[in-house]
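J.: Sequence:
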Amino acid sequence: LTAGQINDFTVMTPVFRGDTIVGYFANCCHSADIGGRVLSAEAHEVYEEGLRVPITKLFDGGEPNHELLKIIRANVRTPDETVGDLYAQASCNAVGARSLVQMMEEFGLDSIDPLADAIIARSEAAMREAIRALPNGRHEHEVWSDGFEEPIRIKVAVTIADEDIFIDFAGSSPQSRRGINVVMNYTHGYA
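Each residue of the sequence shown is one higher than the one before, counting from 1 in full-length UniProt numbering.
Think of the hints as simulated: they come from the structure by calculation, not from any bench. These numbers were taken from a predicted model, which means no experiment stands behind them. Beta carbons: idealized from backbone N, C-alpha and C, even for Gly. Any given hint might turn out to be false.
Using C-beta positions, here's what the derived DEER-type ranges look like [stated by the list, open to error]:
id: 1; residue 1: Gly84; residue 2: Ile167; range: 36 to 46 Å
id: 2; residue 1: Asp168; residue 2: Leu109; range: 34 to 44 Å
id: 3; residue 1: Cys29; residue 2: Val156; range: 26 to 36 Å
id: 4; residue 1: Thr20; residue 2: Tyr87; range: 33 to 43 Å
Construct all of the structure, not just a fragment, from the sequences and the given hints.
T.: What follows is the structure, encoded as structure tokens:
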């Protein structure tokens, strides 16, 4: 169980074939409530935004982590919905895990690493081909968003160079003291 934004719960499940981990299934869901302020952007500290759950086991050997679930239930406004969503996320991963093991058995695969490597290589080749179809150059844009003390400037420069794209956010407003910043892994994902 992990999170990026306070309200986002990521549930990651290892997939076993026998005693060997052959992969992982993960999904991320926005929880309707995780305690804290209703509008977490008004927070001055992360502690005001809601319950922070460190990376921990939601299940261990198929058994729920009842202590963790009690902590979550005690700190949210909608405990049944929040915990129910976590169980649903874990169930989705379990269905995926069973299907993956079934596929591996059907095709006699001991590992999906070569398949994953091929998918990544083909995806990268297709993306680089699509980028090459774009004209080289630098393109800049900026938008302004409501802030708290002052408006927030989000500036981006996108440089296309043959089969590469470079994204630069220099000139954007600095980090806010309020709960409206984006964690680095989300920034990479958005870009």
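J.: When the structure is checked against the list of hints, which entries are broken? Sort them ascending.
T.: Going through the list in order, the structure violates hint 4 alone and respects the others.
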